[in-house]
Amino acid sequence: MIRTENLTRRYGQRTAVDRLTIEIAKGEIVGLLGPNGAGKTTTIRMLAGMIAPSSGTARVGEYDPAREPEAVHESLGLLTEAPGFYERLTAEQNLAYFARFYDRIDTAAAVERSLDRMGLLDRRRDRVASFSKGMKQRLALARVLVHNPQILLLDEPTAGLDPEAARDLRKLIIDLREEGRTILVSTHNLTEAEGLCQRIAVIQTRLIALDTPAALRDARSRSAVRVRLVRGNSGLVAALRELPFVENTEVTDGESLLIVAVEDIDRDRPRLVARIVELGGEILEVAEERRSLEEVYLDLVREDA
Amino acid sequence: MSGRRIRNVLRKEWLLMARSPSSLLFVAGIPLLLIGQALLLSWILPRFLGVDVPIASGMAEDLGSIERFRILLLDQFRFFVLLIPAMVANVFATLSIVEEKLTRTLEPLLATPVRTWELLLGKVLSGAIPAVAVAWASTGLFVLLAIGLGWGPLLRSVIDPSWHLSVFLLTPAISILSFVLGVIGSSRASDAKGAQNLAVVVVLPLFALIAVQVVGWVRFTPPLTLALSLGIAALDVLMLRLAVRLFARESILIRWR
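Just so you know, the protein sequences line up as chains A and U, in that order. Just so you know, we're using the working numbering here: the first sequence kicks off at 1 and counts up by one. Just so you know, we're using the working numbering here: the second sequence kicks off at 1 and counts up by one.
Hints may be right or wrong, so weigh each one.
Stated by the list, open to error - Which chain U residues stay away from chain A? Per the calculated CB distances, all over 12 angstroms, these:
1) Ile30
2) Leu125
3) Ile129
Claimed, not checked - Heads up, incomplete: computed chain A residues facing chain U, CB under 7 angstroms, no partners named:
4) Met50
5) Ser75
6) Leu78
7) Ala82
8) Gly84
9) Arg88
10) Tyr97
11) Phe101
In short, the hints are calculated from the structure, not lab data. Using N, Cα and C, we set each Cβ at its ideal position, and we do this for glycine too.
Okay, chain U solo, but in the shape it has when bound (with noise of 0.2 angstroms):
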């Protein structure tokens, strides 16, 4: 019966997320912001920066610089898209418990059969879900939008199969972190303030990713990106193990009055 209490879970969740035209606002707002900044960085700044990038393997060797600098640059989205999940958990995922304690239904919940591991699992799938689905149409009009600018010969050395692992693997890994994450600061911290500087300790790593790609410390090949993805995958496996058991049911109602 555990798939139809997440699954209860998950619906609930967006059943309020949909009713909450702010919050919707604000999953709709961060992946335009995204897309239109790194947009524009990959059309201004290969205009007025002369940097000699090397030719790396995949790309046509007839490439002028400002080519081969604005490939570096449509490369970088792959990991800035990363920063959507990491920071709709932020907003979302921290509230999830706190604002169980905020409303008084933690206490009517928590007297259900409903286990620790099951509603916490529910409450990060139901916003990591939306989060990848966001990260993923953002990647698509971010590649529709650089065809539209005449790059799409460009985006041939852009989407090689890292491109693809990272998309496919690493994006939903980083988004289940993250929620997992803002989750453990919710059921930890007393209010949504608290839980959210918890769990912005996950921006942190992805902002060190995006530095040492661009760089060139770490070239993210395919073996380099699979590694990497499913060594996220195990921590997320780890982390919500972590979650269950920081999750105080006697605490939290004790405490919470």
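Bound-form chain A, shown alone (with noise of 0.2 angstroms):
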């Protein structure tokens, strides 16, 4: 449903996007995750054939968005990163607006029904300078999905919003893609990519990986078991490094919280447990160490600066 291939942006000596490549499957949603200046907002740009590419090629449903923006246009729905509205008109006002510039659809009823589903209907006489910003971001979401595109690009759909109002926009999106809906989405919170997303992609200017959430973890997650004791016993710590499948053991906490790293986590933890407690170790916790995604992330962007 979108691909690009080598997609190339330069701003005179300076390269945004640099050889991008990348397939999104009809119905599927897909995270663009990178620092500031990594390219994220070039890059839904050229989706959206607003910008053009210094190379390669892109493809969003039929069209080529270098070669045909209009119909590019017509058949994609971009929430951009800031919302902009004329406030001095009401939510209908300006929904209806844009809606007219889109062929084939019947404007009263693509606004009232893409206000409904966002939950503004009751206040679609109201002028846009009374909503909040949560609100405006609903409105925003509201016209782009006025003429009901099936392929939507989000740049930050959440930045700058409360946590309530993110969650709320954060459920409207997950219902977007269960009603099988392609979508990209740009964000730097991790945690909702994380929710959201079946991929992501993690860019800095070029692309660094592209995974499901669980598989980028588990690439660059090791094998290790944390565990909490009572209170904190070198000797034990000692008689634990001696043990042929452990690799290595970290210690904090004044001894209390160990971080033994194993050769096969489920084979090895029993046995490690069955081990401490004979030592006489009191245990308060077990679990698998596991890194978050945002370590993850953290380490991919820094390894590549």
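Dock chain one against chain two, each of which comes alone in its own frame, and use the hints as you go.
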């Protein structure tokens, strides 16, 4: 549904997006993750036919955004970084204005349906100036959906929203995903990316990694067990280090928290626990040591820099 | 579908205008100021200045020098009225794109299938149509007030075919030109002030037009007025095409953050 091949954009000497190759299937939701200036917005604008690539190609649905921008505009919905509304006009007037640029839609019905979907129907005659930031963002999403596009490009949809408004918006995006729409969402929020996206593309000008959140974590996670003891015991730690299946043991919190790297977590975890008990250790908690997506992301970005 | 999109831009611009009382006050204030000034000058100057205006074609031969001078002044109003669209454009057209940039509505707008020429023509007409309407209403009010002041017989020498061409052809052509230049300024400048500086160029030739008429260098006969109107109408089309070429969507998006 969305495909790029060596998509590149340069601004003078600076390369904003470097040979990005990515493919998003119909009905898939992919997160575009990267630090500021990584090229997320530039990528979205190229896909939306707003700016031309310096080289490489892109395909959005049936169209090439560089050659057929108007056809792309007809078929996709773009949520821009800043919502941008005519504040002196009502929500309904704003939406109707944008809706009338699309051919073959019944403006009044489309506006009503879109406002209703975003829970703004009862505020349709209120001026946008009176809206909170969260409501404006929902209205922006209503604008994106007014012509019922099957492909959505969402640029930082929850940026600057309070936690409640962000949660509401994420719920709306999940609903859109469940309707089978193809969605590319750029975000800084790793928890959001993990919760929303089937795959995550980490970019820093170029594509660093592209996989499911779980696969990204697993590929960079080591096999380790986190054991919290009632009290520290240096003799016990020394004994654990002698075990054949233990690769490494880190000790923190006054020797009461052990991170024990093992060869095979499923096989070795019961053996490790049994040995600690044998050695007189009093266990408070045992858990698999998993790396968060944030740690994985930070590692990837740091390594690439 | 272009007609629908252009009408859409018109409707939105007018809605915004209607919700801005200060804008409406400005649009209403300028014509009243010009009418007041023109009538005052036509009343005062001939009384205190002894200018002997020669009898021109169409003037009754038994008119005194004060009446002849007054006719000359009343005749200038058709050129003064051209300042209305020029001044209105300097405020509204120059804001047209800059304001979209400042309110961050330009990017979602350019993400719709609207073509650049549809957007710009909509912006131009949304200002030019009310400006022409105001200019015509002002001309009507000016004529009524002049009749009220007892200058009806003098107006017979003023309202000739050239006057009609000026009001009904030259005024719309100048209005469109003013707004096209305003929109060009607005899409090229980085703020409203810069856009106004760019668009002010249209006012200067208008002053020149008034000056050459007053000093008698050029007499705007019907053929000359018609030629001037058609020439400016052709320039309108050329400038609109230029405006579309100069409206660089990409650099507007990239440079305006």
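Tested hints:
1. Ile30: Fine: 22 angstroms to the nearest Cβ keeps U:Ile30 off the interface.
2. Leu125: 16 angstroms, holds
3. Ile129: 18 angstroms, holds
4. Met50: 6 angstroms, holds
5. Ser75: Violated - the Cβ of A:Ser75 stays beyond 7 angstroms from chain U, reaching only about 9 angstroms at its closest.
6. Leu78: Cβ of A:Leu78 sits 4 angstroms from chain U, so the hint holds.
7. Ala82: At about 4 angstroms, which falls below the 7 angstroms cut-off, the nearest Cβ of chain U leaves the hint on A:Ala82 intact, so it holds.
8. Gly84: With a minimum Cβ separation of about 4 angstroms from chain U (threshold 7 angstroms), the hint on A:Gly84 holds.
9. Arg88: 4 angstroms, holds
10. Tyr97: With a closest approach of 5 angstroms, the A:Tyr97 hint holds.
11. Phe101: Constraint on A:Phe101 satisfied, holds at 4 angstroms.
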